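Asks: Build out the structure end to end from the sequences listed, making use of the hints.
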Amino acid sequence: MGRSSNVFDQVMRPADGAAWITGASGGIGRAVALRLAAEGWTVHATARRPEALDALAEEARAAGHPGRILPLPADVTDPVAMREAVAAIEADGGLALVLLNAGIYLPMRAGDFDAGKARKTFDVNLGGVVNGLDPVLKAMIARGRGHVAVTASVAGYGGLPGAAAYSATKAGLIAMCEALAMDLMDLGVRISVVNPGFVETEATAVNEFEMPFLMTPDAAARRIVEGLGRPGFEIAFPRRFAIFLRALNRLPNQLYFRAWRRLTR
Numbered sequence: 003m004g005r006s007s008n009v010f011d012q013v014m015r016p017a018d019g020a021a022w023i024t025g026a027s028g029g030i031g032r033a034v035a036l037r038l039a040a041e042g043w044t045v046h047a048t049a050r051r052p053e054a055l056d057a058l059a060e061e062a063r064a065a066g067h068p069g070r071i072l073p074l075p076a077d078v079t080d081p082v083a084m085r086e087a088v089a090a091i092e093a094d095g096g097l098a099l100v101l102l103n104a105g106i107y108l109p110m111r112a113g114d115f116d117a118g119k120a121r122k123t124f125d126v127n128l129g130g131v132v133n134g135l136d137p138v139l140k141a142m143i144a145r146g147r148g149h150v151a152v153t154a155s156v157a158g159y160g161g162l163p164g165a166a167a168y169s170a171t172k173a174g175l176i177a178m179c180e181a182l183a184m185d186l187m188d189l190g191v192r193i194s195v196v197n198p199g200f201v202e203t204e205a206t207a208v209n210e211f212e213m214p215f216l217m218t219p220d221a222a223a224r225r226i227v228e229g230l231g232r233p234g235f236e237i238a239f240p241r242r243f244a245i246f247l248r249a250l251n252r253l254p255n256q257l258y259f260r261a262w263r264r265l266t267r
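Residue numbers for the sequence shown follow the working numbering, so the first one is 3 and each next one is one higher.
Any given hint could turn out to be false.
Simulated restraints, written as ranges between beta carbons of each label pair [stated by the list, open to error]:
id	residue 1	residue 2	range
1	256	122	29 to 35 Å
2	57	143	31 to 37 Å
3	115	265	18 to 24 Å
4	187	255	31 to 37 Å
5	112	63	43 to 49 Å
6	242	66	32 to 38 Å
7	111	70	43 to 49 Å
To be clear, the hints were calculated from the coordinates, so they are not data collected in a lab.
Just so we're clear, the structure is a prediction, and the values are computed from it rather than from any experiment.
Ideal placement from N, C-alpha and C gives every residue a C-beta, glycine not left out.
Replies: And the structure:
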């Protein structure tokens, strides 16, 4: 694929190489892997549970997808494992599209703030992404092409009740992608930030409030894959919810705090 004068116009296709997804054993990552396989991609799927990845690969085969899913078990918090995963994919033809998606949500209020929970959230949500970005960017920059996307969240637009550590990691991912985008524009590599709203997963199942605009993983995966196939930097959905949250973050602090306390009871 030729390099575009505007790197954000570049759209990777299955003929350009393989895809790699972390956090692929469930939720958004699993749904995106199946959707990409249905579109003809060879998808290397990474998570810690080999049996879940084997089941995912078998589901793609049974569905008769033109693409395939190849299990690649690894822990995103292990930088050596991430380098080895990327090296294995590069040796098998090279990376064109990456979704660094692995993440956890460990809710805690101020009254039960736990440094251990916060540290674990940072290690997976931030550390897991940078461990993947390191070898991915090296490979893509050397080739002068590629598309890497990072799953953040609309929770990164501002702090949410019970999500001090989670919101902090997602805000950090958004800022990281914005900073990298300015460098990558000259290096032929496209970066995207994915900011979903509430999605039905094991993580969000712990929420005790009614989640507005709640989506299924399949619906979220459709939005993500469509976004990866279009020019641009941010993939945010549901659109009305993302616009509402951006507007909410422009309120004075006291009004913002009251609004979110009311929304989450």
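Asks: If you check the beta carbons of residue 111 and residue 70, does the distance land in 43 to 49 Å?
Replies: At 44 Å between Cβs, range holds.
Asks: Hint says 29 to 35 Å; check whether the CB-CB distance for residue 256 and residue 122 agrees.
Replies: holds (32 Å)
Asks: Just to be sure I understand the hint, the distance between the Cβ atoms of residue 112 and residue 63 should be within 43 to 49 Å; is that true here?
Replies: Distance hint for residue 112, residue 63 holds at roughly 48 Å.
Asks: Given a hint of 31 to 37 Å, does the C-beta separation of residue 57 and residue 143 actually sit inside it?
Replies: Between residue 57 and residue 143, where Cβ atoms are some 35 Å apart, the hint holds.
Asks: Within 31 to 37 Å or not, the Cβ separation of residue 187 and residue 255?
Replies: Given about 34 Å between the Cβ atoms, the range holds.
Asks: A range of 18 to 24 Å was offered for this pair. Does it hold for the Cβ distance of residue 115 and residue 265?
Replies: holds (21 Å)
Asks: Between the beta carbons of residue 242 and residue 66, is the distance compatible with 32 to 38 Å?
Replies: holds (36 Å)
Violated hints are absent here; each numbered hint is respected by the structure.
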